[in-house]
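Protein chains in written order, with my numbering: chain Y, 1 to 280; chain G, 1 to 278.
Please keep in mind that the hints were generated in silico from the structure rather than gathered at the bench.
Remember, it's a predicted structure, so these values are computed and weren't measured experimentally.
Per the computed footprint, the stretches of chain G lying under chain Y, defined by three or more beta-carbons under 8 Å from a beta-carbon of chain Y, are:
| # | segment |
| --- | --- |
| 1 | 116-123 |
| 2 | 131-142 |
| 3 | 203-212 |
| 4 | 225-231 |
| 5 | 236-248 |
| 6 | 252-260 |
Estimated spans, in silico, between C-beta atoms of each pair:
| # | chain 1 | residue 1 | chain 2 | residue 2 | range |
| --- | --- | --- | --- | --- | --- |
| 7 | Y | Ser-175 | G | Val-120 | 47 to 53 Å |
| 8 | Y | Val-61 | G | Val-53 | 48 to 54 Å |
| 9 | G | Ile-262 | Y | Leu-35 | 32 to 38 Å |
| 10 | Y | Trp-41 | G | Val-53 | 50 to 56 Å |
Chain Y stretches covered by chain G per the calculated footprint, using a threshold of three residues with CB under 8 Å from any CB of chain G:
| # | segment |
| --- | --- |
| 11 | 47-57 |
| 12 | 100-109 |
| 13 | 126-132 |
| 14 | 201-213 |
| 15 | 223-233 |
| 16 | 238-249 |
Glycine residues also receive a C-beta, built at the ideal position from the N, C-alpha and C atoms.
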Amino acid sequence: MTRTEQIAQLAIDASPRAKRKKFSPYILTALIAPLILAVWWFVTETRIVPPILLPTPASVVQSFPRVVFADGFGDQIIRTVTEIVGGFALGATIGFLLGMLLSSSSRLRAAYLPALSALEAIPTVILAPIIIAWVGFGMEGKVMQAALACFYAVFITTLSGLGLAEPNAVNLMRSLGASRWQTMAKLRVPTALPVIFGGLQLGATTAIIGAIVSEFIGSVGGLGYLMIRYRGSFDTAAYWVIIFFFLVIGLVTYLLIWYAEKKIVFWRHTAITRPDLEKP
Amino acid sequence: MTTLAPASTTTAKVKQQRPDRDTKGAGWIALITIAVFLLLWQFIPQTGLINRVLFPTFTDTLAGFVQLVSGGYWWEDLGKTMMAVAIAWPIGVAFGFSMGVILGTSPFIRQAITPYAIAVQALPKVVLAPLLIGWLGFGSESKIALAVIICFFPVWIDTMVGLALPAANEFKLMQSLKATRRQIFLKLQLPSAIPMIMVGVKHSLLLAFTGVLVAEILSASDGGLGKLAKEFASQLNMPLTYSVVGIVVILAVALVSIADVIERRVVFWSEESRARKR
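All chains should be modelled from the sequences, with the hints used to inform the complete structure.
Right, here's the structure in full:
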């Protein structure tokens, strides 16, 4: 650092704008949670929001042990998580392989992409009654529903990510005598990974939604089944305990994928998912 | 900490990413695939390998479609579903956009609420469906409420991420030219955010449709395409169920096309800006 730069830095540090920055925004973050709790407590105690929709914080906390230590609660959680993980693994694998297949040939892309793009539009929940009619109330239907829900996000991000490699880099690989497979494994897939992880993140969210909706519509077990039962007995506090568990499932999934991305795509530290967002 | 990612994906990029080199015969591949698919659909159920009640043939399904369309009663269900989407979508977009502007203009607030935004994103909002139905009843109110709750989210996030898009130097230039906060927002942040916001708006249309369908499938009495599909499925009348699903698919594709047109009208400059960015 030269002398002038040092002086400039001192001037920046002394400016009011820099001082204001010293408050971490996470202080505000920590303040928001009690605020939310206070608002929740207020609107439920004064009955602005009816208790059938939102019970008081105290009653939810009281219901917690009752719900968690009820017979077979662990089995229900394991059941739902298995459905989500199974469906996500299935849908993401199919999406990834199909994305790879279509990216390898512009002819296949021209033939199938228009029809596959229409899949973006289709609300997969409408297929839930059909799937239940096909395979019944068991876990297979939930796995299928979750797979259907998450397939598209992984497919389209894989396809767009694999096309991101610089033409010059592809030419370099070719001029060094790399095979198609080597170009794919060492150039295209690594380039695509940050984008694909964006798709996985989105897909995980939709897979969870698919599994829940399917459990709501017809099931013999799982957290969604418990929710419908508690709702039937107007036990809203217990219902919110299970919503809390779904929040935990969602957050854990998010963090796991985020952590995997950080470890696997260690050369990039952003989680920006879309190629058109990247700054030069 | 983790960064907030935009809540939607887009296909537009894929379609235009590479010049079409070798697409000769693609039409034939598509045609042959459709033909093989239809033949399998027609003949596998006839062989008795799979249950013909659950997997009706193509012609049975076609007959069901004709029966449904000529029956006429589905118009009312179609109207109910579309009406709910038409009410919920604008509310969700307006709500999401306001949240995004209020919480996204200042980097400080944006950073502070990011953990909460991630939590809201992680919570599958359909868990609220049975509660909303229990509270608002089986009518269109519960459908609209669920659709709004589901569809405001991508608009909110994409607005927030979009408003943060301009580079630090662009902000500095505005400030050095003595632009007010309002001018920075209107002339720099908003124009650069709009392409991304429009992606969120399009995504939210689909989510509003999904929300309405979920509420219809779950609630018992008020009509709608979701309820129609569920009823036919529970009667094991698969040709009619398939037909309702077919109608939903056609509607969804039509809605997306309309949203695409709106997007292109609003962000007419976006192709250019994308090209410049590359």
